[in-house]
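Engineer: Protein chains in written order, with this note's numbering: chain A, 1 to 251; chain B, 1 to 251.
The hints are simulated quantities; they were obtained by calculation from the structure and are not laboratory data. There may be inaccurate statements among the hints.
No copy is singled out in the list; a pair is fine if it fits within one copy or between any two copies.
What the hints assert, rightly or not - Calculated pairs, BS3-like style, for lysine-lysine (alpha carbon to alpha carbon, straight line, at most 25 Å):
#1 Lys-213 to Lys-99
#2 Lys-98 to Lys-213
#3 Lys-238 to Lys-98
#4 Lys-99 to Lys-11
#5 Lys-74 to Lys-135
The residues making up each chain are set out below.
2 protein chains.
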Amino acid sequence: MLHLVGIGLTKADLPAGSLEICKRCALYADNYTTYVPQDRIDQIEYLTGRSVKRLDRSMLEESLPVLLGEAENKDVAILIGGDPLIATTHKIIFIAAKKAGIEVRVHHAASIITVLIGESGLDFYRFGQMCTIAKWTDNYKPVSFYETIQRNLASNLHSTVFLDYEISNNSSLELSKAIRILREAESSYNGKIIDDATSVIVMHSMSHHNERKMFTTIAEASGMVLDPGPTSIIIPAKLSDIEKEAISSMY
Amino acid sequence: MLHLVGIGLTKADLPAGSLEICKRCALYADNYTTYVPQDRIDQIEYLTGRSVKRLDRSMLEESLPVLLGEAENKDVAILIGGDPLIATTHKIIFIAAKKAGIEVRVHHAASIITVLIGESGLDFYRFGQMCTIAKWTDNYKPVSFYETIQRNLASNLHSTVFLDYEISNNSSLELSKAIRILREAESSYNGKIIDDATSVIVMHSMSHHNERKMFTTIAEASGMVLDPGPTSIIIPAKLSDIEKEAISSMY
């Protein structure tokens, strides 16, 4: 049997039931879609008395058949940062396992998606489609995030925007670069949704010791330098009274 | 200090760190926004050696000042089904605590929001605004959910639709009634988004022993009878190839 085990964002988030399951499993850590920090590996090795093997970018090609073969006869768990099945990779693993006739169980945990919604102070009903600002290169400058934010704002909805994340250094695209991309997209589309005074919520390394959460402006955010770690931003729509009050308490 | 402690959806979801915090807290369970089943109360009382007091609908008026007074001098925790801060009530409690000069810490856990997204097999980037189908009465027939679904579909986005939930019996509006309301809204708006053949994902009592998950049609769903428990539906937009493949494996 294959277990897809969410481990949440921090050591404290590890679900008690998942720990019990891990004690009887061969353990792998997904190091492909999210970075599982060494302290999480250490925690789970200590609590289960088992060693954890990291699965890197080559997992789908090389390790997955081996791992599925192993799961035919015993319990195998893949440890996943946040909540499983959000990343497409986990669905591909699920599909491959079912095709091989292996039963799959999913164990849920805290996810950055609801942490961002909840910690923002904004109403969850007022969030529109999520999007990502990807790193620009000379030849690849994706801007679809701009259309998403624009469409959300046209319906008076908030936008959760993930900043492109690199596993290798557990960091997102720098905030200043993301803001520059936002501004360049604005220049190109001229939708008049982003200027110096536009409000932006910056959420960095959420639930970690170096967490930063700021309700600020595009002008201010463009000059901010953050520690390494995952960063997301929210472009809020027009705030309701209760949202304004929540923001004044929660930041 | 006041702790808002997410306990996830099932016994297995309780985060290990939150359990440690609960051991030193006076414990209350939010029985106002989500139903915390008796087996969860029993679990936490057993594991902490402390008794848990349920907070019902009158909590904001009566119990909150008492609870906040208690939190001035010692650790107090409110146990919350799912992930805290999604419900407005928790933000109101947060705001009230901060106004009283009390420090608040939030402890995250698995949420129905990402469980629905992940277990659906659909791409999280393709979800639009969430909405709720409320129970209709003779004088109150809210239909804003229809406009939300319609707007999402116009942008080729999936819609998560919660069915109105009653704490007192830990059940949602019956699926058949919700489908009838959807159909009546369709008749009234005539947006041509809901008919017998429209696909719908039904997700019931997720993560529980009586979990049901079905990819079906409006016609089929209208005749389904489910056990008591919380129900949500997803009205999918046009499925991508990977979504189709995920659905064929995961249901």
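Engineer: Now tell me, hint by hint, if it's right for this structure.
Structural biologist: Here is how each hint holds up against the structure:
1. Lys-213 to Lys-99: Classified as between: cross-chain Cα gap 20 Å, same-chain 43 Å, threshold 25 Å.
2. Lys-98 to Lys-213: Result: close only across copies, 17 Å inter versus 41 Å intra.
3. Lys-238 to Lys-98: between (45 Å within a copy, 24 Å between copies)
4. Lys-99 to Lys-11: Answer is neither; intra-copy 33 Å and inter-copy 30 Å both fail.
5. Lys-74 to Lys-135: neither (41 Å within a copy, 47 Å between copies)
In summary, the structure is inconsistent with hints 4, 5 from the numbered list given earlier, while agreeing with the others.
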